[in-house]
Each structure stands twice: as structure tokens, then as C-alpha cells.
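Trainee: Here is how the chains run, residue by residue.
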Amino acid sequence: MSYLELLKLASPEAVIVVTALAVLAIGLASTRAFALCSAVATLGLVFAIGAVLVLPQNATLFGGMLVISPLNSLFKIICIVLAVFTMLMTPSEKSLRNHGEYLAIILLATTGLMLLVGSEEFLMIFIGLELLGLSLYVMAAFDKTDLRSAEAGLKYFLFGSTASAFTLFGISFVYGMSGTTSLAAIAEKLTSASVQPLLAVGIIMTLVGFAFKIAAAPFHLWAPDAYQGAPVPSAAFIASASKVASFVVLGKIVLVGFAPVHGGAAWHAMVAGWSPVLATLAALSILVGNLVALAQTNVRRLLAYSAVAHAGYTLLGLVAGGRDGFSATLFYTTIYAVTLVGAFSVVALVRRETGGDDFSDFSGLWSRSPLLAGCMSIFILSLAGIPPLAGFFGKFYLFSAALSAGGNQGLLWLVALALFGSLISLYYYLIVLKVIFVDETAAQTSVVKVDLLSRLSLTLLALLVLLLGITPETLAARIIASLP
Amino acid sequence: MIAWTIYITFAGAVVLLFMPRFLARWIALVTTVADFVVSLIAFFQTSIVDLAHFNTIVRVPWVPSLGMNYHLAVDGISLTMVLVTGIVAVSTVLFSWDADHRQNEFFFWLLLVVAGSYGVFLSADLFLLFVFYELVIVPKYFLIAIFGSTNKEYGAMKLTLYSFFGGALVFIGILVAYVTAGSLDLNQLAQFQFAPQLQAWAFPVLFLGFAVLAGIWPLHTWAPTGHVAAPTAGSMLLAGIVMKLGAYGGLRVAMNLFPQGFEMWRNWIAILAVIGILYAAAVALRQSDLKFVIGYSSVSHMGFVLLGLATANALGVSGAVLQMFSHGVIAALLFAVAGRMIYRRTHTRELDALSGMNLSDVLPFAAFTFVVASAASIGIPGFSGFAAEITILIGAWKTFPLAVWITGAGMVLVAAFTLRALKKSFFGDAVSSVRMQEGRVTLDADWNEQQSITAAEKIGAALLMFATLAVGLYPKFLLDRIMPAVEAMRCLK
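Protein chains in written order, with the numbering used here: chain A, 1 to 484; chain B, 1001 to 1493.
It should be emphasised that the hints constitute simulated quantities derived from the structure, not laboratory data. These numbers were taken from a predicted model, which means no experiment stands behind them. Think of the CB as a built atom: it goes at the ideal place given N, C-alpha and C, for glycine as much as any other residue. Honestly, I wouldn't trust all of these hints.
To be verified - Distance windows between CB atoms, simulated:
1. Q1188/B x S2/A: 56 to 62 Å
2. R1021/B x N408/A: 53 to 59 Å
3. L463/A x F1022/B: 26 to 32 Å
To be verified - Far from chain B, some chain A residues (derived; all Cβ distances over 12 Å):
4. S38
5. V81
6. S172
7. A272
8. E353
9. P388
10. Y427
11. L452
Take these sequences, add in the hints, and give me the full structure.
Mentor: The structure is reproduced here in C-alpha cells:
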């Protein structure tokens, strides 16, 4: 293994790191070269996609530290695309100074995402998590003039670092039990072992860190403040790309690494393992997220609690396990991320015009900007799971995977709970739409101006949500084909 | 051919969004008329033999990796439902002719409801059917919340949440059928033998889910509230088409997939249906708002549909389908008179207020229409209501004689509240002698502008009246097509 070959296989990450440095340098040289910074950053990401595409189909380095597989490549691309859309959002955020730094940090976070997605070994996963986490903490606190942004950053950091500590501790336990950090090797070691208390502690602690990342209850407490207080692009990135990568890795850890201790989450027939743990997390998230969201009057806070609920739905696929379950989870988390980036883009534009993102700032939006209102309704209805939008198919796929797993509809309780949860969620989603379409505009608010670039990216995202709902096969087949 | 109803309507809805305001109603009219013509042509061209089975008309792989197909099919039942959808849709647009508030949006949502309904009636793939089924619900929310009246946001939200509650139950039922049988094709599923234990719980879940939309007692309360809150077009679509989606789903999916479950539970359905008929009729008798009267009458009449389904014999089930057609037309007509002809001119729906206005003199055409609609609703021979309800009761006589006795008594209640509403709204005694002397009624400020019934209203009303009379005088016309299709289902004994 020569360094040259390593560099070749890690070229997408290398491209992004170099771009980050370049953007940082440009930003230092001139504080006003925002357009140039964005152009360079976007170009770098496009190159990175190209680099991913020319990688070999399969390769494994250093016992799984860097794995190249169709699945990993697909999700590297998805993460990069989400990063691009996040960048398109930054111009509408007025409060951000030092754009070069901000973009560079987004790029570094993207590197973290790619390391996370591209490794099947605990140490590397942890490094990816930390790189991602540290970048995100800075992104959340980036608006130095806003107290809320500082609060968001601090909360996110405190919760995040605690969760990381748990994960690292858990990994050390698992390492102690199996003597290895590679997921495949751990699976081999665990086949003979039953679920001993030590192993159980290790597994649960490992999962805690990821539960934090995906904002599953009861580890979601940072989410509302981070979503509401952080600059909008940061919040969007935390809610979308970071979540996608976390679900990919979480799926690989439980379905590959911990595969032998799957356990069972069927009603009245629980078997010790990680799946009852995830089932509990899912059930709690669905209940807490949906119920608390009912009481929100701020769109970003509402999206945060709905994110908790959606994390719960998404976990259903992992609880179900198997190829079907994993692909359903991956499909759902991807379309969820796309939808949420879109919703946050709308929030960013409205916020720029009205200075806030409470319900009152959205009232009568349809008359101020039909485009924003139309796009927002597509995103919201997709989150609510209304056909023919992507969210509906995603839910159908998830729930059917969960129901067919385990035989005899053992997970019916979880599916019924999730459906009950989506029924509740419909109420608060409809309230948002009511505010947009039914309520009268406050007297002094003006037309929301939308620049061409935002217009383009919003339309693209809305079309994507619509098309993935009408022809879900385009993404679903790709994900299914990429799974081993 | 008939699949074009779906495409035309969706295309019309999308085109509408980008058209100037004054064109909106014309596009909506052209779209719905085109649908109606297409369904008429299909109705007369398709031979009766072809309608005995759920024959595929389109089948394209949609999501092959999960076994979903874009699969449409038609038989006598769905053709009948498509026809009533066409009639009601055209008259709905005609009765919304002078919509003056956000027209494009209004007709956009309206066409989406219509398009989704066509889709449900023609789907032969369970997933596709559910997509269309859910697609209908959200536009209804906007129709009511934006364009409605009395307590509109509450009514809209209640209706939507009830619908989605039903939708969630249906979702569970569909998922169970899908993961057990491994197929979503309705024709294949109708051959599949589900385990009796599974049917025992899956059937009630699925059927109840659909029945929520059909207004089954005690989950019917969304219907009167929703009807009252909705704009006239919304009430017409809701009572005329959307409530039928529920009954149709119960028949096509729940009963056809889980015949043994149906056998276990059909007594309960009959009991709930009879309670619904009586209860809603009794409540309607005490309402003071004309739209509430009609709203509860819808629940009562839909009880007949459920009773017909529960009989599990060809006559009863065919009667239920005929009643879906008949009630769709009659309810649309009643709501058109109450919401459009009366309310737009008097700005009140309070029966006591109306009874002082002596409307039969002022609005003779509206009075005539309402008399026809009431007669049809009560079940006077010669109108479709009679043909349908008598078929149901004959069918029910074989299986539930007691229910027929009770329902027969209940029909007196139906007659009572309908006649009460008719008398109070149009033929009331002008209570104030002062007004009598003046020889005219007290009117709203904008009365004079809209005194006469417009041509659009007349055409719409004539279309609906013609439909109820035609089917009432010659029900064989529809029954010939419905019966064989019903007999082909395996839920019959």
C-alpha cells in the first residue's frame, strides 16, 4: 500500500480539504470576496463528486478504515449534494460575516461526513464523528452577534461532547469484548457470544452517541435550541447532511458490526440485543417529538421537534433490519434531508425579509410570495407524508419493511404507533399551512424578494421532492442495488 | 379511454395554476365536462359483459423493486362511480361559477379532489388506490379552510383529522395485506387466501378506516361539521363524491380481500348502519341550520349504503352501489340549493329566519329544485333514492329482517326531517303580518343584484335532476352493469 494509492482512494476527501484551505485563504485575503469563495467551494464539491465517481467499485484499506463500496460512494455523493444546497442558502443569511471561514467550515464538516460514511471501523468512525461534530459546533455558534446562536452552539457542544464520550467509552467496551475495532471482525467475534452485561453496556453506550446525532428522544434536548438559534444554513446542515451520514453509519454498526446480537423487538417477544433499544428510542422519539411539536409557534422549533419524530420513524427500518429495512431507512433519511434543506431555505428567505421565523412571520405568505408558499407547502406536506410527495412513499416503504420483518407482524405495535404519530403530526403541519394560506398578512409586511439563485435551488428541491414521490424507483433502486 | 378522466383532470388542475384569473372557471368547466363526456362514452361503449370483471385498462410497472404497478381497471361498480363523479363535478363547477376569491386556487383544489376520486375508483393496485385516496384529503382542507364559512378552520381541521385517522387504519390494513400476500394487485389479492385469524382483525381495521370517510356511526361527526363549514362546492364534492370513496374502498378492498373477516363482522356493520340511519335522522329533525339538516341526512343515507354492503348478497350490495350513485346526485343537489341558491341570496341558513321569507314566491326555481331533491331524498318512487333504497331493503330482508323493520320505521324519520326542512325553508308561513301586507320579504343589501337564478345554476340543477330521475325511472340501466360486477366478488354468500 503506497501513499499514492491511498491518496487516490481518498481523493474526494483530499479535494474537499484542499478546497477548504483555498477558500480559507481567499477569505483571509479579502473579506468581500464572497462570490469567489462560494464559487470555489461549489467547484470543489463538484470536483469531489467527480472524484467519487471515478473511484474503483470496491476497495478496503487498513481493515475497514477506508472502505469504498457502491453504498458508501452513493451516500458520499448525497452528502456532497446536500452540502451544495446548504451553501446556496448562505447568501440569504445576513448575519454571517467572514463568509470564507464559514464556507471552509462547511467543507471541513463535509469531509467529516465522508470519512464517517466511508469507514467501517470504529476508530475511524469516531474520528469522523469528531471532525463533523467540532465543525458543526462552530457553525452553530457562528453568528457572534446573536445570543441565541451562542446558546445553540454551547448547548450543541455540551450535549455533543458528552455523547461522544459515551460513544468512545462504549467502543472501548466492545473492543474489550471482541479485541478488534473493525465492524466485520467484531461481527465474527460476537457470533459465539451471548449478550453479556458488559457487552450490553458497550452496545448501549455506543448507540447513545448516535442517538444524539440523529436527535432521537431522550437525547434530543439540544435540537430545538440548535435548530432555532443557529444560523439557518448551519441548522439545515445539522438537520440534513449530518443526519444522513449518521444513519448510514448507525445502520452499518448495528446491521454489520452488531449483527449477531440483533435481538428482537416484537411485542411480547422481546429478545435482548440492540433492536429493543432502538425500538424504545424510536417509540419515545415518535411520541415526544410529535406531542411537543403541537405546542410550538416557531417554525424552526417546530421543525426541530418534527425532526425528533422523523428520527423515530427512520429508526423503524433499522429495527426491522435486513436489506429491506436498511434500504428503507436510507431512502427515508435521504428524502427527509432533501425536504428539510428545502424547508430551511424557505425559512432563511422569510427570515431575511421579516427578521424572524415565528408563525406570525409566515402569515399570508401566499400573497407575498406564491413561490415560497408553494414550495413550503410541498416540503411540509412531504414531511406529513401526503402523496404524491416523497415523504409518503418513504413512509410506506419504511412501514412495510418494519411490518414484514420478524414474521407474524411482530412490529405492528411500532408501526401503529408511528402511524398514530403521523396523525398527530398532521395537525401541526396543517397549522403551518393554514398560517401560510389562510391567515391574513400583517399590514406592514412586504413582498418577499427571492433572488434568482434561491429561486432556482428552491424549485429544484421542490421538484426533487415531487419527483422522488412520483418515481421513487430512481432512488430506491439505486439504494437497493448498492447494498451488499 | 376512461383512464383519461384522471389525466385530463390533473392536467386541468396544473394548467389552471398558470392561467389568468378570469379563465379559471372556464378551464375548470372544460376539464370537468371533458371528464364527463369521456365517462359517458366509456359507459356506452363498454359492453356489459366486459364490466362483469375488474378488467385491466392500463398496467405499467411503477416501482418494480417493491412490486408496485400503475394499474387501472374498470368494472360496473367503478364505472358507475366514475359517472356520478363526472356529473357531480360538472354541476359543482357550475354552482361555483361566480367564485370571486382566489379563483385559480379554488378550482385547483377542486379539480384535485375530483382527479383523486377518479383515481380511487379506477385503481386496481392497492398502493395506487391509497395514493389517490390520501390525495383527496388535503385539497379538501384548503377548500374548506380558505373558502368556507361558519367555523371553517375548525370544521376543516376536524374533517381532515378524521379522514386521516381513517387513512391510518387503512394504511395498516393495506400493509398487512401487502406483507402477507406479497402483492399489491387487487385482482391477485382477491384470489389470495388470508389466514382467518388475520382476517378477523385486519378486516375491521381496514373496513373501519374506509367507513370513517363514509360517515359510519359513531365516527360520523366530521361530516355535518365539515359540510356546514365548507363552501357550496366543497359540500357538494364532499357529500357527492368523497363520502362514496369510503364506501367504495370498503367494498372493493376490505370486503373483497377479507371475505371471512367480513363474514365475522358484518352483523356489527349492519347494527352500526341501522343506528346511523336512525340517529342521524333523529338529529336532523332537531337542527335549525339547513346545512346541518342536509349534513345529517347524508350520514343517514350513507347508513343505507353500509347496510346494503352488510347484507352480503348480490341484491343488497348492488343496491348499495346504486345508492352511492343516487345519494351522490341528490346530496349535491340539496347542498346546491341550500348553499348556493338560498345562502348566497339570503345570507342565512337558519330555518326559522328562512321560514319568514316566503322564498317559494321569490325563488320559484330554487323551490322547484328543492322539492325534487327532497322527493328524491325521501324515496318517492320515480326518483333514484327509491330505486336504491328499496333494492337495499329487499336485499337486507333475506339476512337482517329485523333491521328492515327498524329501518322502515326510520324512513319515516327521514321523510319527517326532509319535509320539515322543505316547509320551513320555502313554504314557511310569513310570520310577520307587516311583511305580508307589504307583499315582499326583507332582503339583504345585495339582494337585487342576484335576484334571479343564473343560467349556470339552472344547468347544474337540471343535470342533477335529470340524473336522479333517469336512474329512478330506469334503474336497470345502472343495475345491469353493477349486478354482474358485484356477483363476481367473493364476499357474497
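Trainee: Tell me the hint numbers this structure goes against, listed in increasing order.
Mentor: 9 and 10
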